[in-house]
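Student: Generate the whole structure from the sequences, applying the supplied hints.
Chains as they are written, first to last, in the working numbering: chain A, 1 to 339; chain B, 1001 to 1325; chain C, 2001 to 2291.
Worth flagging that the hints you see were computed from the coordinates, not collected in a lab.
Using 25 Å as the maximum straight-line C-alpha spacing, the simulated PhoX-like pairs for lysine-lysine come out as follows:
#1 K1296/B with K1264/B
#2 K1153/B with K1104/B
#3 K1094/B with K257/A
#4 K1104/B with K1094/B
#5 K252/A with K1067/B
#6 K257/A with K1104/B
#7 K227/A with K257/A
#8 K2181/C with K2113/C
#9 K257/A with K1153/B
#10 K1072/B with K1094/B
#11 K252/A with K227/A
#12 K1094/B with K1202/B
#13 K1094/B with K252/A
#14 K252/A with K1104/B
#15 K1131/B with K257/A
Take a look at the letters that make up each chain.
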Amino acid sequence: MGETGARIAKFLLVRVAVSVPVILGIVFLTFMLIRVGGQDPVAMLAGPMADEAMLTALRAQLQLDQPLLLQFANYLFRLVQGDLGVSWQGGIPVWGEILHLFPATLELVLLSVGLAALIGVPIGLRAATHPNGWFDQLSRFGSLAGFSMPTYWMGLMAILVFFYILRWAPPPMGRLSMEVVAPTVVTGSLLLDCILAGDWQALGSALAHLALPVACFTLLAAAPMIKQSRAILIEIMNSDYVRYARANGFSKATIRKMALRNAATPLLTFLGMELTSLLAAAALVEYIFSLSGLGQWGLNAILLGDFAVVQGYVLTLALFSVFIFMVIDLIVMLLEPRR
Amino acid sequence: MSLLSVEDLHVHFIARGINNQLRTAKALNGVSFTLEPGQVLGLVGETGAGKSLTALALLGLLRPPAKVVAGKIQFEGQELGLLDQPGHRSPRGKSITLIPQSPKTSLDPTARIGDQLIRIQREHGQTDTAKAHARAIEMLGQVQIPDPVQRMKAWPHELSGGMAQRVLIAAGLINSPRLVIADEPTTGLDLTVQAEVLDIFKRLVTANGMSAIIITHDLGIVAHYCDRMAVMFAGTIIEEGPVNQVFGAQSHPYTQSLIASTPKQIALHGFASAVGSPPNLYDLPSGCVYKDRCPKAQAVCDTRLPTLDLESGHRVRCHLPNHPQ
Amino acid sequence: MSAEAATPSHWLAYPLGLARRSPTFVVGLGIVLFFLGLALLAPVIAPFNPTQSFSYEVLQAPGGRFFFGSDGNGMDVLSRVIHGSRYAFGIAVPAGLIMVGIGLPLGLLAGYKGGWLDEALLRTLDVLRAFPTIILALAVVAATGQSLVSMVVVIGLLDSPIFARVVRAEVLTLRSSTFVKAAIAVGNPSWRVMWVHILPNAILGATAQLPMRMAWAVRISATLAFIGVGIQAPTPEWGAMIRQGAEYVITGEWWVALFPGLALMTLVLGFNLLGDGLTDLLDPKRRGVGK
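Tutor: Okay, structure coming up:
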């Protein structure tokens, strides 16, 4: 076990070392992009009554008049001390707000991606075993439809049907109904907090509010799962080693097991990638259903030019991506000692 | 009774062109040959002649768009199913085995060598894992893999090409088949390794009284390791017989051109220009399939294609012996 | 080459055969052509001027004068949807051109020469993988604020590396193919091998990607408009229309958001089907398991 431990340690070290420049690059890019843009947050902050002098003073106070690289250096300096700045909408510290909102987004994304994988992967696999059959054609069409549907529109239509017409779903405002009191915040994830507090009424309300957004998001996420798992399995079934296994007279069950074992790695890698890209897509869903998650906050910040928030948001996404890729690669490495 | 008897096998490929028209490629056209126990047959021909396809038919691995139009195969007196049908228990893997091309990619990347060798045995009835394990080690030793016990734990990507090929030979012989088919067993191997691998193969086959079919385009291998040889062209066997006979009294112009293309002959006689391009399986000529490329074609070649029995098991499909120029 | 099967006598046989061979392709093509027709003929077939507002007939349900109803500004939804296809193509086509213009040579060079160009391309793709829409929004807002042109340029630029990667993959496969090796062995100079031998085949392989990328362009531009970036208020662009419609869904005026969304989804689906069908037709291996 010591040898495996050493390999894991080495992998982690290398991975962290490689990731730092990538994250730095992303932060830098974001930093520059929002400052170079045509927006002037100072004017927005100061309000319509401000005159030139006030604007200049404000700019100096926010250090926006300094050379860009100096600003970036300052930002980095504070970053490594854990200070992510404050939002210009109300002076809320960015770091604290991220901690507060991120679990909510995570809740949505993990639930949806989990469901999507549970539905999408088996469908894709089944489609691959009977290629060009009716199931395959149907699932391919369904997958393409999922690709083509704009999430926000699907969300709106879902609200229309299930809330307005059928009155099944609660109004798409927030994560709990108005009359329900939220449980004490422990993890930040509403579902977990409800369970921990034993508050079943709140749990029910939370689930009801999550139902529609999760459903839409799951459908969105399932489309690429179907397509990719099908592609992976087809490639495996056409491989030399499956051909050889058939030549050896292996039973269908054995061949299927062999194929699945070989599919595990590429599937896992793909799921990791999907998870990270869907995390960003979650912003839209939160926006429509007013779920007060990180994505919604970040999106608003981009539109308003709230620099610190935008940087914090992008940084969170980037860190999360790196983390997920690291975990996936670690699992893959442990499963299959190649390279 | 022969071990293996292939009778008049016709296999077509039905494909659809871009405008959905049906196009038929006649891949095998009346392939017939027999094999006795303990014989080694060399199947030669250029790429696309139908050698690998014949092997697939023997193994019962044909799938659509391939279609068996006529013919049958008998193995040990029983007729074989040629198409890959689920649930159909063919002798493949047990009595007829394959040693495939591309050794490194034919092994399951996610399983150790030892486990794969054991799996092959378990798939064909061996329930005692300890015995399977021992047998695997024994076979690895027989193909001269050093330190077989350690090698059992190796992963496929850790092997060199030559070693992987030897593992495949071990896998092919581990269930003591009656017939082994080696498909281009030397592809991608260095020359020295080629000789080693083939020596091991031939030795094991002979020692265990097995029959073998070696598919190759290398006449040197045929001359060295095979008892009989069959030359294929455009899905037809155009000459067949004991190796010495065919090499000595080459009757078919195609065989002659093949032999004339070997390095030794080129050294002796210079390059013999080969006329024409590979046959178009979608549109085969009537009569002799080779006539468009044959320097000795005559009017009679436009009619049917004969089968002439020359002496001692040497057959040729050509009009020339009866119509010398 | 000897004769193919006999030429069919009926002129319809070819397209019908094509349809049976890949219905996805035909359906996709049909959809795209339909919307293209809408886009080209918009001023002629739209019943009203898309930005003409009838202040007294705000939020009328579908039927009567307004076939798809009218929106919150009293504008005819049907006319706006029809004109929306102009915007869809107006964004997707130039963006696609930019993508090919940059991505094709980039992919060719990276695949053929390799080296630092290749590495740079791959690294860029890695960074792009880490954030999708967000950076797009950032970039558009950053460039010139609310501008259609900047949106087109940004979409085209962002698509280029992805397209370049596909081209690069094709080039790599071709480069190790026998016929290219033969061309080099016979003594063709590098540029000629690239131009005559590799380019046509690489384009063929990458063609199927083009409709997919355009589908994405249409989608992403609508998404951006929905968020509120790049398109100003009365412009009849589908994403912007859905944005407006979002307000009215809760109060039950469903038509404002439904129709533009339907149009958007159909066109994107059409492009996707087209791309999928094209892949089917061009690459026999995609037909699934079989020998």
